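Residue numbers (my numbering), protein chains in the order written: chain A, 227 to 327; chain B, 227 to 327; chain C, 227 to 327; chain D, 227 to 327.
Since the hints were made in silico from the structure, they are not lab data.
Errors might be hidden in some of the hints.
If chains are identical, the list can't say which one is meant, so a pair holds when it fits in one copy or spans any two.
[To be verified] Here are the simulated lysine-lysine pairs, BS3-like style, with alpha carbons at most 27 Å apart:
{"#": "1", "residue 1": "Lys281", "residue 2": "Lys244"}
{"#": "2", "residue 1": "Lys319", "residue 2": "Lys281"}
{"#": "3", "residue 1": "Lys244", "residue 2": "Lys282"}
{"#": "4", "residue 1": "Lys327", "residue 2": "Lys286"}
{"#": "5", "residue 1": "Lys327", "residue 2": "Lys315"}
A quick note: this is a predicted structure, and the numbers were derived from the prediction, not measured.
4 protein chains.
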Amino acid sequence: MLLEFSTFPIGSSESLSKDVSEIIRIIEDSGLPHRIHAMGTIVEGDWDELMELVKKCHMKLRERFSRVTTRIAIDDREGATGRIEGKIKSIEKHLGREIKK
Amino acid sequence: MLLEFSTFPIGSSESLSKDVSEIIRIIEDSGLPHRIHAMGTIVEGDWDELMELVKKCHMKLRERFSRVTTRIAIDDREGATGRIEGKIKSIEKHLGREIKK
Amino acid sequence: MLLEFSTFPIGSSESLSKDVSEIIRIIEDSGLPHRIHAMGTIVEGDWDELMELVKKCHMKLRERFSRVTTRIAIDDREGATGRIEGKIKSIEKHLGREIKK
Amino acid sequence: MLLEFSTFPIGSSESLSKDVSEIIRIIEDSGLPHRIHAMGTIVEGDWDELMELVKKCHMKLRERFSRVTTRIAIDDREGATGRIEGKIKSIEKHLGREIKK
């Protein structure tokens, strides 16, 4: 199962990179396959371990901020793993070349 | 905590209202305050009970379909409850009149 | 075409209902069928009129705030109209009763 | 302005990589800075050029499928450019090391 998420405080200072840094550490500590991009993070795992991770990140921000918003997208395909890179490779196969990623 | 979600199968028939109906029943059975609209459902509760509900709905579809996508948005504000109607009322107070909802 | 969106400033005060009120006025002035709920607004129209409306709302916030985030979901089904209420009615038909909305 | 989006047909075959391939070509032809990941594509530009691109991709699918869903997230920060890589670098600076991306 692939899960993409982003979480941030409402009503904090405009720059969020310090807060995001703390969240990156939590994601890395999860040991789950992941990829961080400019609009969120993609993680692969099963439902419970993914949601435990998102909860930890969300609650880390809620320790410091009284209002936090989190956005999640899930793509769950039976029997499919290694999809953080696999979905891109599948597209590259169709195109017959590499793409920018 | 407010959570909005929508879940649907990829690769099924185009019309999803039958599948959605089964999910509505699960949401109603949760006993949580909720509001169903044309693009998803809003539910109020704490993290664990909300995520258990979303998981049940997602997995209900996964019983029948091999690929399911779910989209979630969370607005978590300390000490705030009754917000499914409260957020709308707060806007109406600012406007000095009722809005279409 | 159904479009759901929400837009808010990052780094402003925690309470957003005043800002949201201004956006509600823009939505109402569009004349498009719409429904406001606790997590966003659903509007029905064609691509260009919907996106013009979202842009106006987003830019209204950008006049006052230097960072604004907007989230959009589109459900575009050929030949289908009246879907803000129609999708709910289709579910109610399957259930054989009314639902909370 | 950063925009992340994903678009796919409802009711098509489960595997979407061929359809996605066509969309990748449209994104590349836009000439806008972009990064493709497993859950969507991030593009940088101004509102009108970004939305023209998303419309082209969405409508490409609508040529072949009668129902298409598109999800968009926008992060618009005054005067900020080069953010597809810049946001990641800002986090790496806080962490004092590189992250997986």
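Given identical chains, is lysine 327 near lysine 315, meaning Cα to Cα at most 27 Å, within a copy, between copies, both, or neither? both (11 Å within a copy, 16 Å between copies)
Tell me, please, which holds for lysine 281 and lysine 244 at an alpha-carbon limit of 27 Å: within, between, both or neither? Within one copy only: 19 Å inside, 30 Å across.
How would you label the pair lysine 244, lysine 282 (within, between, both, or neither) given a Cα cut-off of 27 Å? Result: close within a single copy only, 17 Å intra versus 31 Å inter.
Cα distance capped at 27 Å. Does lysine 327 pair with lysine 286 within a copy, between copies, both, or neither? between (29 Å within a copy, 22 Å between copies)
Within a copy, between copies, both or neither: where do lysine 319 and lysine 281 come within 27 Å Cα-Cα? between (36 Å within a copy, 25 Å between copies)
Checked against the numbered hints given earlier, this structure breaks none of them.
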